[in-house]
Amino acid sequence: MLKILGAAMSAALLLAAATSTQAAGTISGAGATFPAPVYAKWAEDYKAKTGASLNYQAIGSGGGIKQINANTVDFGASDKPLKPDDLAAGGLAMFPTVIGGVVPVMNLPGIKAGQIRMTGANLADIYRGAIKKWNDPHLAVSNPGLALPNLPITVVHRADGSGTTFLFTSYLSMKAPHWATEVGANDSVQWPVGVGGKGNDGVAAQVKQTAGAIGYVEYAYAKQNAMTYALMQNKNGAFVTPTAEHFKAAAANAKWASAPGFYLLLLDQPGADAWPITGATFILVHTKQADAAKGKEVLSFFDWCYKNGDGAADQLDYVALPASVKDLIRKSWSKVTGPDGKPVYR
Amino acid sequence: MFEGLCFAAATALLAALGGLIASLVIGGWPALRKFGFGFLTNATWNPVTDVYGAAGPIVGTLITAALALLLALPIAGGVAFFLTELCPAVLRRPIGTAVELLAGIPSIVYGMWGLFVFAPIFAKYVQLPLMTAAKPGSLLDTLTTGIPNGSGILPASIILAIMILPFMAATLRELLASVPPGVRESAYGLGATTAEVVMSVTLPYVRTGAIGAVMLGLGRALGETMAVTFIIGNSHAFPKSLFDSGSTIASTIANEFTEATSPVHTAALIALGLVLFLITFTVLGLARLMLRLQEARS
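From first to last, the protein sequence lines stand for chains A and B.
FYI, the numbering for the first sequence is 1 to 346, going by the working numbering.
FYI, the numbering for the second sequence is 1001 to 1298, going by the working numbering.
The following block holds chain A by itself, in its conformation from the complex (with noise of 0.2 Å):
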């Protein structure tokens, strides 16, 4: 037994000393757990084509921005994006990766995914809790023909802080003035009312055992999941399903080549076919690097999941860039130079 024990640990030993010798050659990265699923599976696909390996750590937002302005990881994640000022004042350039998108799912008895319709204004009445059943006048104004139940709404949100959390109240707060003044965008914010499940799972199951809940998810879990989705009505005034290319359309016809520093919510974009509630994750680096070497690394990572990452991140049901953003990211990276003032990538 002790025998054992003894090989085990030597082995052990050994994988570490294996793995802290290779760290060497290593990028390293830590924030979102959001955008992890796909950044683990481009680190694999790269280590198989090129050799250089990631390391990335899922320890949240919060935890990746303290890290990346404590310099001890090469780049940072976040799903809430920094603002222009925030860079600034932290050395950082800041570009996104993929997109997800949010979705309003809930419970209700006889009423199928797609049936309800759903408005910015309403949902946040529902989330401050003005509206309290399901057979409110003012759900039944955007449902016209569909017999809502008279079952009272409970209200589910996230309890963890969440870059979902975040998307979801700024865009409450930009569709209705009294969430703004009342609440406010937050990761996490004082609820007026209702009760929170732990991360998405938690929200589902919250909404799937209450009849008349209704929570809001991140779209893969939705979709993996089978949940009852409403439609939301977009900026056009347009009912959209929440799907892959209204994600795209979305980010598609958001004004990117006019937000310093890539600070933009993809919320309420213009277009027929955007989903209101879409947001990108972002990858936060030092604009002056130390090592140029190790700067140029991580930009060449990136520029190769924007090349070939395409069919990972759609197989886990994050949305990529359209091409045209891609290309705006990688003019940005000019500003990230390396001890001599030059541009690491070039």
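It should be emphasised that the hints constitute simulated quantities derived from the structure, not laboratory data.
Virtual Cβ for every residue (Gly too), placed ideally from N, Cα, C.
Keep in mind that the hints are not guaranteed to be accurate.
Okay, the calculated beta carbon distance ranges per label pair [unchecked claim]:
{"id": "1", "chain 1": "B", "residue 1": "Leu1128", "chain 2": "A", "residue 2": "Glu44", "range": "41 to 49 Å"}
{"id": "2", "chain 1": "A", "residue 1": "Ala257", "chain 2": "B", "residue 2": "Val1051", "range": "54 to 62 Å"}
{"id": "3", "chain 1": "B", "residue 1": "Pro1263", "chain 2": "A", "residue 2": "Lys288", "range": "20 to 28 Å"}
{"id": "4", "chain 1": "B", "residue 1": "Leu1216", "chain 2": "A", "residue 2": "Tyr263", "range": "45 to 53 Å"}
{"id": "5", "chain 1": "A", "residue 1": "Ala238", "chain 2": "B", "residue 2": "Asn1042", "range": "42 to 50 Å"}
{"id": "6", "chain 1": "A", "residue 1": "Asn69", "chain 2": "B", "residue 2": "Val1051", "range": "19 to 27 Å"}
{"id": "7", "chain 1": "A", "residue 1": "Asn69", "chain 2": "B", "residue 2": "Thr1282", "range": "33 to 41 Å"}
Following the hints, put chain B in place on chain A, whose structure we already have.
For chain B alone, kept in the frame of chain A given last:
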């Protein structure tokens, strides 16, 4: 040499404890300075405006831990007495092993079971019947208002009770087994019933240890994180009924620490950790005091 090692081990522990307190105070200082004593009494927890008050989580922690103890203690006592006094020898082993196995289940498993299995059953067979039976305005009505989905203060307390039960039962059983057979047999010899033996001979014999076992359970209930997070409903407001959503200190930290970006938010969460530490410390202190008072009386 041996003495030196022992001394080093003991002081290392003290140093770790001191370091922990110091880092909690330093880390939480920005929040404590900004909100002062109001941090403990204010029930507003608003990351948007960066205003934090810990009253909701503090109350939630104390209520769930107390309820859990209230539910678990009689059962744990029953299990322990049954195993040591009444159980046929054949059953003693399997029941004892089952209790110890329960103690070894990771808390996240309890959380998942609580959310996916326990909550729907609890909502359907306990919560809904109670809510429909309650007359409007009655005490039962006040206690049972909430969302009938099986999550809230009481469900979280029940899950906590299930979690701390095996710890307390296993410790109590060990304690009762340590009572010398002579003591117990002489009591039986005097004609005492089983209940009398337990109440007036074996239990007083292991009193000190028994309080320790209860405190162990209470300590775990106070600090339990994952299982509670899954099922408590996670609202930072004061819980208004048994079925209302609430939060505990540990669940709040677990939920928000990873995504806390503003320095005050992070500091407030660390300060919460300090508060939890102080609560646990106070509970242990009170237990010591109780013991000392009892010893002085006898």
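We went through each hint and held it up to the structure:
no., hint, result
1, Leu1128(B) <-> Glu44(A): 41 to 49 Å, "holds (48 Å)"
2, Ala257(A) <-> Val1051(B): 54 to 62 Å, "violated (38 Å)"
3, Pro1263(B) <-> Lys288(A): 20 to 28 Å, "holds (23 Å)"
4, Leu1216(B) <-> Tyr263(A): 45 to 53 Å, "holds (51 Å)"
5, Ala238(A) <-> Asn1042(B): 42 to 50 Å, "holds (45 Å)"
6, Asn69(A) <-> Val1051(B): 19 to 27 Å, "holds (24 Å)"
7, Asn69(A) <-> Thr1282(B): 33 to 41 Å, "holds (37 Å)"
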